[in-house]
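With the hints as extra help, turn the sequences into a complete structure.
Quick note, the sequences are listed as chains A and B, same order.
Our numbering puts the first residue of the first sequence at 1, with every later residue one more than the last.
Our numbering puts the first residue of the second sequence at 1001, with every later residue one more than the last.
Derived from the structure by calculation, the hints contain no laboratory data.
Possibly wrong hints are sitting among the right ones.
[Unchecked claim] In silico BS3-like pairs for lysine-lysine, Cα to Cα no more than 30 Å straight-line:
| id | chain 1 | residue 1 | chain 2 | residue 2 |
| --- | --- | --- | --- | --- |
| 1 | B | K1194 | A | K109 |
| 2 | A | K233 | A | K176 |
| 3 | A | K14 | B | K1190 |
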Amino acid sequence: MNFELTAEQQDIRKMVRDFAEKSVAPTAAERDEKELFPRDIFDAMGKLGILGLPYPEEYGGAGSDFVSYALAVEEISWVCGSTGIGLSVHVSLCAWPIFRYGTEEQKQKYLRPLAEGTKLGAFGLTEPNAGTDAGASATTAVKDGDSYVINGTKVFNTNGGEAEIEVIFAMTDKEKGLKGLSAFIVEKGTPGFTYGKKEIKMGIRSSVQRELIFENCRVPAANLLGKEGEGFKIAMSTLDGGRIGVAAQSVGIAQGALEEAVRYAKQRVQFGKPIATFQGVNFLLADMATQVEAARLLTHRAAYHKSNHLPYAKEAAMAKMFASDTAMSVTTNAVQIFGGYGFSREYPVERMMRDAKITQIYEGTNQAQRMVIAGSILK
Amino acid sequence: MNLVVCVKQVPDTTEVKIDPVTNTLIRQGVPSIVNPFDKNALETALQLKEQHGGRVTVISMGPPQAKDALKECLAMGADEAVLVSDRAFGGADTLATSYTLAAAIRKLGNYDIILCGKQAIDGDTAQVGPEMAEHLGIAQVTYVAKLTVEGAAVRVEREHDVGYEILEVQTPVLVSVVKAINEPRLPTVKGTMKANRAEIPLWGAGDLAVSEPRLGLKGSPTQVRKIFTPPQRTQGVVIQKETAREAVADLLQKLADAKIV
Ligand SMILES: Cc1cc2nc3c(=O)[nH]c(=O)nc-3n(C[C@H](O)[C@H](O)[C@H](O)COP(=O)(O)OP(=O)(O)OC[C@H]3O[C@@H](n4cnc5c(N)ncnc54)[C@H](O)[C@@H]3O)c2cc1C
Ligand SMILES: Cc1cc2nc3c(=O)[nH]c(=O)nc-3n(C[C@H](O)[C@H](O)[C@H](O)COP(=O)(O)OP(=O)(O)OC[C@H]3O[C@@H](n4cnc5c(N)ncnc54)[C@H](O)[C@@H]3O)c2cc1C
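What follows is the structure, encoded as structure tokens:
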């Protein structure tokens, strides 16, 4: 039994932490306030190798592992949950299915620039009428000679409009239901592919979500990812990995709020004493710290499983569910410890609380996680 | 072009805590970092390498944990690192430090430019660089804010209170740099991984051509009598009056109040 990170993982964590403090933290509040997507920060992460952390060097990656990747998402989310999810979507939801299911040509053409960080990635599954029930997709792809013609609409697309590469899902055979869904790689700028409205949100406001609109969008047949009909399998296995990223994002947000709360509780004096001396406050801090630690361990274990080619669907679902609930409760309690100042935009904990909520919803709501976990233990 | 960068590991605080009894640094509990100006020196070397080719070697004298500082330099892109470390080096002042480092640089051999920070943020003497140049018998330029190389000629701008001094020197030369020269790059993931796997050779007194009595405490003529935090320098006061006469009168009054005149 070994709970220690390897020396390499520790060094990468420190390297990303230094980057996060220097280049991500200073603008986090302003980007949230003004809903600014930080393409410059993503470009910088690309240059430093963070956008290709777990992928082999032969595909432009840094050649590390999924534990280091989870540590990177945690460190970035510690200071900015918005940037954390953009990173997670790029690495887990866009680059990974190409790495896992792509042909050699697809990997060289699409995985390489994603891993090198010269292009940004996104993942389009959700539709207006297909959320948790992802198989109810109404987007269609019809084969026509050497290409597929795609029609339909995707919503809530994280990195949408910014991403040069999208992995999207469309029905190639409606009759077959789940087995009729297929995955495609679509490049930004492809004729017939445009963007709809940009979401205005409660939290992660510096992350961008747009509607994707496909109107007779012609995609080369070579951009089919995997085989026809494998889309549902690709989407679900991709989300298994994505949940490790969301879990890491949640741990980061929670850790950030915990540290703010500890610092404030030691400084704020009421009744002539720092509020941290009141048991009503420090028991809350003790619970928060314990939850964060448990969430982190579940997250690291899921990442460890993925790195070591062990089954990780159940582990990732547990980590995502527990860590996101932790993020919500820890940030809410952090606001409580700050009192009225916690509710004010002058302090970062209100942003963290707003950012935390989405972690319980996306990449499968926490109800959907329970479906995955129950399905796995009742097999 | 062979570039040597001297880096010192320093405590991560400008408020160094000092043991009042022994007058030495209390290092316990203070995280260590690469001396910030030395990162500017490394960045200068890395840019020169990118423009002209060559190798960047970082060298540090210090306790075994100074390896962490060297690892960070490797992660930023240095090609190799050497740690100069030995019990015999303990208690070295700037003279013994520069003597030992100069011997290590001689052992490295071929070098064109030796780069240092303008000063260490803990010791603050700014002596080690210039003293190394003296030991090695090479030219030195301090407080450099800009540096370009053409062949064996190095053109530099030295920072001064009132402007810049432009000089041209021939290699080999020792240069100490100021913060304004550049913005040090951040380490990359690949660099960090490479640094983690790198073997950093450790050179002790036995590996260097040095004379024993000139090392460490024995080789240090400096006696630290007292170390204290200097009083905060307050902002100067600008006296602005209608006439010079009024201004002078006001100044004299202020000086009298302060019992200076
Ligand atoms: C900020 C943001 C970013 C997103 N990014 C992306 C992205 O990049 N790509 C992408 O494809 N999608 C993305 N999404 C979509 C997200 O994954 C979906 O919102 C999520 O899967 C839920 O789907 P829904 O919103 O349609 O809710 P619904 O599926 O309509 O669910 C509504 C409620 O019903 C519950 N529910 C539904 N079915 C069941 C059931 N069988 N049993 C019990 N409870 C159930 C849900 O848990 C939820 O509480 C994003 C969403 C947001 C808000
Ligand atoms: C609190 C305190 C107590 C001290 N006590 C003693 C004492 O008791 N006895 C004693 O003899 N001396 C003592 N010293 C002096 C100490 O040995 C010097 O700090 C050391 O010699 C380096 O000088 P400096 O820090 O002023 O570096 P500077 O001369 O300011 O450094 C200039 C540049 O030289 C290079 N450089 C400096 N040091 C190194 C190094 N070790 N390895 C690689 N490159 C380097 C770096 O590029 C640096 O930017 C003390 C210093 C301090 C701060």
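Evaluation of the provided hints:
no.: 1; hint: B:K1194 <-> A:K109; result: 27 Å, holds
no.: 2; hint: A:K233 <-> A:K176; result: 14 Å, holds
no.: 3; hint: A:K14 <-> B:K1190; result: 14 Å, holds
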